[in-house]
Amino acid sequence: MTSRRIPGATRPAEVAFTYAGTPQRAPTGEALATALACAGVLGLRRSPAAGTPRGAFCFMGSCQECLVLVDGVPRQACLVPVRPGLDVQPVPDAMP
Amino acid sequence: MRQADLIVLGAGPAGTEAALAASAAGLDVVLVEEAQAAGGQVWRAPYPGLALPKPDEDATAGAALRDRLVASRVETHFNARAWSVNTLPEGGFRLDAATESGPLSLAAPRLVAATGAVERVIPFPGWTLPGVVGLAAATVMLKAQAVLPGQRVVVAGCGPLLAAVAAKILASGGEVVAVVDRASRAEWLAATRHLATRPRLLARGLGWALRIAGRRVPVLFGHAIHAAEGQDVLEAVQVAPLATDGSFAAAPPRRFMADALCVGDGLVPGAEIPRLLRAPMRFDRTLGGWVPQVDAEGRTSIPGLFAVGDGALLRGQAPAVHAGRLAGLAAAHDAGRSDAAAFAQASAADHAALATLAPFAAAVSRLMALRPGAVRAIAPTTVVCRCEDVTRGMIDAAFEDGAREVNQLKHFTRCGMGPCQGRSCGDVAAEILAARVGSREAAGCWTGRPPLRPVPLADLLGEFDYADIPIPAPAPL
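Protein chains in written order, with this note's numbering: chain C, 920 to 1015; chain A, 17 to 493.
The shape of chain C in the complex, shown without the other chains:
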């Protein structure tokens, strides 16, 4: 699933942030989960019990699948808006 921004919409200016140290660009205010999906980043973590790949699922803050570290703090990528300079990292595998 590489998500695609719908043409014709007016969007805020793109800003730079990083995911796992890799530079990314997305409009300010877009949900981090969406911004990553548009960049082709779908797998965000592995399930703690079986270790299977997981990504954003409900996009509304309920399922908790899109947990990432934003500037070192665990956050749901679907609820965090993109801001310039965000340092986003996957959660370590051992983290619940």
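Worth flagging that the hints you see were computed from the coordinates, not collected in a lab. Each hint should be verified, as a subset may be incorrect.
[What the hints assert, rightly or not] SDA-like cross-link-like pairs, simulated, lysine to any residue; straight-line CA separation at most 25 Å:
| # | chain 1 | residue 1 | chain 2 | residue 2 |
| --- | --- | --- | --- | --- |
| 1 | A | Lys70 | A | Val255 |
| 2 | A | Lys70 | A | Arg220 |
| 3 | A | Lys70 | A | Val193 |
| 4 | A | Lys70 | A | Leu293 |
| 5 | A | Lys70 | C | Pro1011 |
| 6 | A | Lys70 | C | Thr947 |
| 7 | A | Lys70 | A | Asp300 |
| 8 | A | Lys70 | A | Ala334 |
| 9 | A | Lys70 | A | Leu222 |
| 10 | A | Lys70 | A | Asp83 |
| 11 | A | Lys70 | C | Pro931 |
| 12 | A | Lys70 | A | Gly230 |
| 13 | A | Lys70 | A | Leu186 |
| 14 | A | Lys70 | C | Arg994 |
| 15 | A | Lys70 | C | Ala928 |
| 16 | A | Lys70 | A | Gln52 |
| 17 | A | Lys70 | A | Arg201 |
| 18 | A | Lys70 | C | Thr937 |
| 19 | A | Lys70 | C | Pro1009 |
| 20 | A | Lys70 | C | Thr929 |
| 21 | A | Lys70 | A | Arg214 |
| 22 | A | Lys70 | A | Arg232 |
| 23 | A | Lys70 | C | Thr921 |
| 24 | A | Lys70 | C | Tyr938 |
| 25 | A | Lys70 | C | Arg964 |
| 26 | A | Lys70 | A | Arg84 |
| 27 | A | Lys70 | C | Val1010 |
| 28 | A | Lys70 | C | Glu933 |
| 29 | A | Lys70 | A | His93 |
| 30 | A | Lys70 | A | Ala180 |
| 31 | A | Lys70 | A | Met273 |
| 32 | A | Lys70 | A | Gly246 |
| 33 | A | Lys70 | C | Gln1008 |
[Unchecked claim] Label pairs and their computed distance ranges (CB to CB):
| # | chain 1 | residue 1 | chain 2 | residue 2 | range |
| --- | --- | --- | --- | --- | --- |
| 34 | A | Pro71 | C | Ala968 | 41 to 47 Å |
| 35 | A | Leu222 | C | Ala932 | 37 to 43 Å |
| 36 | C | Ala968 | A | Val86 | 43 to 49 Å |
| 37 | C | Thr971 | A | Thr213 | 40 to 46 Å |
| 38 | A | Pro296 | C | Pro1003 | 49 to 55 Å |
| 39 | C | Pro1003 | A | Phe480 | 38 to 44 Å |
| 40 | A | Tyr482 | C | Ala968 | 33 to 39 Å |
The model shown is predicted, which means the values in this text are computed figures rather than measured ones. Where is the CB? At the ideal position from N, CA and C, for every residue including glycine.
Put chain A on the given structure of chain C with help from the hints.
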């Protein structure tokens, strides 16, 4: 601690209307919402600075609601994650939330819970793969982000959201490779008589169907997702026909190459506040599952606690507006702001509207209700609880080991004990157990417990200096 006359939790159509009505009737109202703007899922606001190419009816209605809220005296807290609601010994409620500016504590004699519904997905092999998203998730991407979920999309599940999502993807220039509907053509025909009670909505639905047909997208009625395939992300989707009981018919699945699957099998009321406060509940399949017992104005059996909208009784957006307004008016009336005659007069129109809207809402709810056969068809190796990777086989084994009720099931297997707190799996896990213990009533529902959301401890503590904490001098040795 901020003292108010009324706390409203959830700023969807029901909660916002409740807050507006109570505020207009003279109450000091605080509205708390997890998202960054009011509107809920149906009227979800585009993020700040995003302008949709073609705003639809929902976008316009949502903008109007947000304008009314701004013009009102309601105090709003967005991006606020409510993690605790308590009853106070002197009566009334305390709500605690984590916000971007630190902890928020509110107290009020009355509280309206309008927390909306969560989506139900009937598990299939591969449903945990990245690239598989909820149907409601797709609406969030389309409405609030102006993003297509993928390049080649399969849309699957049941209810009117299917056609809405598929048509929206097509109208936005995306490709839908198949629409997979659990309901048969006959079920839709049977529902049409009731759907026709709201001609504008029926026409809108037909418009979606025409758009889908016009693009020659295969629409598979009486089918469901059999499996999702892929190594690390979704690559293909298997679709199979259903038997009349909702389980899979003995026919080989069809395979569609797809990079996104949007799937939703109906909605479950997120009645977590009534459950947390131990309000009496009842199970009603056509209202989405376990719902709080409420009166005509949304009062639960706990004095001062109201529950409205899809988080209480699953009826959809239009009834939620009226139910919300009734709860707001009733809260003001109960607080002594209106006498019985004035309250009856003010609430009559909303009561009448709810009655008019009932047949449509019931028909849609029936299309979206959980089908027991579909749950019977879940394979033993399929993951049911995503958080803890608990399979159907593990749930059945827990029953064999003596688990007779969902909270026992949770203790035996960790099903529902992960960070989503059973929101994703609860309804299906309970249905699996109910098939063994005889009924959903016997299987019960999860006991509500704080925190309502996983919240980092630092968010609860806020900023403070250890040096400021008064520590008594140590006792002399």
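Here's how the hints hold up against the structure:
1. A:Lys70 to A:Val255: violated, 32 Å
2. A:Lys70 to A:Arg220: Holds: Lys70 (chain A) and Arg220 (chain A) sit about 15 Å apart, inside 25 Å.
3. A:Lys70 to A:Val193: Holds, because 23 Å separates the two Cα atoms, which is no more than 25 Å.
4. A:Lys70 to A:Leu293: It is violated: about 43 Å lies between the C-alpha atoms, which goes past 25 Å.
5. A:Lys70 to C:Pro1011: Violated, at about 41 Å.
6. A:Lys70 to C:Thr947: With a Cα-Cα distance of about 21 Å, the restraint between Lys70 (chain A) and Thr947 (chain C) holds, given a limit of 25 Å.
7. A:Lys70 to A:Asp300: Cα-Cα ~38 Å, so violated.
8. A:Lys70 to A:Ala334: holds, 22 Å
9. A:Lys70 to A:Leu222: holds, 19 Å
10. A:Lys70 to A:Asp83: holds, 19 Å
11. A:Lys70 to C:Pro931: With a Cα-Cα distance of about 17 Å, the restraint between Lys70 (chain A) and Pro931 (chain C) holds, given a limit of 25 Å.
12. A:Lys70 to A:Gly230: holds, 20 Å
13. A:Lys70 to A:Leu186: Distance ~13 Å between Lys70 (chain A) and Leu186 (chain A) Cα, so the pair holds.
14. A:Lys70 to C:Arg994: violated, 32 Å
15. A:Lys70 to C:Ala928: holds, 8 Å
16. A:Lys70 to A:Gln52: holds, 22 Å
17. A:Lys70 to A:Arg201: Answer violated: Lys70 (chain A) to Arg201 (chain A) is near 31 Å, above 25 Å.
18. A:Lys70 to C:Thr937: violated, 32 Å
19. A:Lys70 to C:Pro1009: violated, 35 Å
20. A:Lys70 to C:Thr929: holds, 11 Å
21. A:Lys70 to A:Arg214: Measuring from Cα to Cα gives roughly 24 Å; hence the hint holds.
22. A:Lys70 to A:Arg232: Roughly 23 Å separates the two Cα atoms, so the pair holds.
23. A:Lys70 to C:Thr921: Measuring from Cα to Cα gives roughly 23 Å; hence the hint holds.
24. A:Lys70 to C:Tyr938: Roughly 32 Å separates the two Cα atoms, so the pair is violated.
25. A:Lys70 to C:Arg964: violated, 35 Å
26. A:Lys70 to A:Arg84: Roughly 22 Å separates the two Cα atoms, so the pair holds.
27. A:Lys70 to C:Val1010: violated, 38 Å
28. A:Lys70 to C:Glu933: OK: Lys70 (chain A) and Glu933 (chain C) at ~22 Å, within 25 Å.
29. A:Lys70 to A:His93: violated, 29 Å
30. A:Lys70 to A:Ala180: holds, 15 Å
31. A:Lys70 to A:Met273: violated, 29 Å
32. A:Lys70 to A:Gly246: violated, 34 Å
33. A:Lys70 to C:Gln1008: violated, 35 Å
34. A:Pro71 to C:Ala968: 41 to 47 Å: Once the Cβ atoms are compared, 43 Å apart, the range 41 to 47 Å for Ala968 (chain C) and Pro71 (chain A) holds.
35. A:Leu222 to C:Ala932: 37 to 43 Å: This hint holds: roughly 40 Å between Cβ atoms.
36. C:Ala968 to A:Val86: 43 to 49 Å: Distance hint for Ala968 (chain C), Val86 (chain A) holds at roughly 45 Å.
37. C:Thr971 to A:Thr213: 40 to 46 Å: holds, 45 Å
38. A:Pro296 to C:Pro1003: 49 to 55 Å: holds, 50 Å
39. C:Pro1003 to A:Phe480: 38 to 44 Å: violated, 29 Å
40. A:Tyr482 to C:Ala968: 33 to 39 Å: holds, 37 Å
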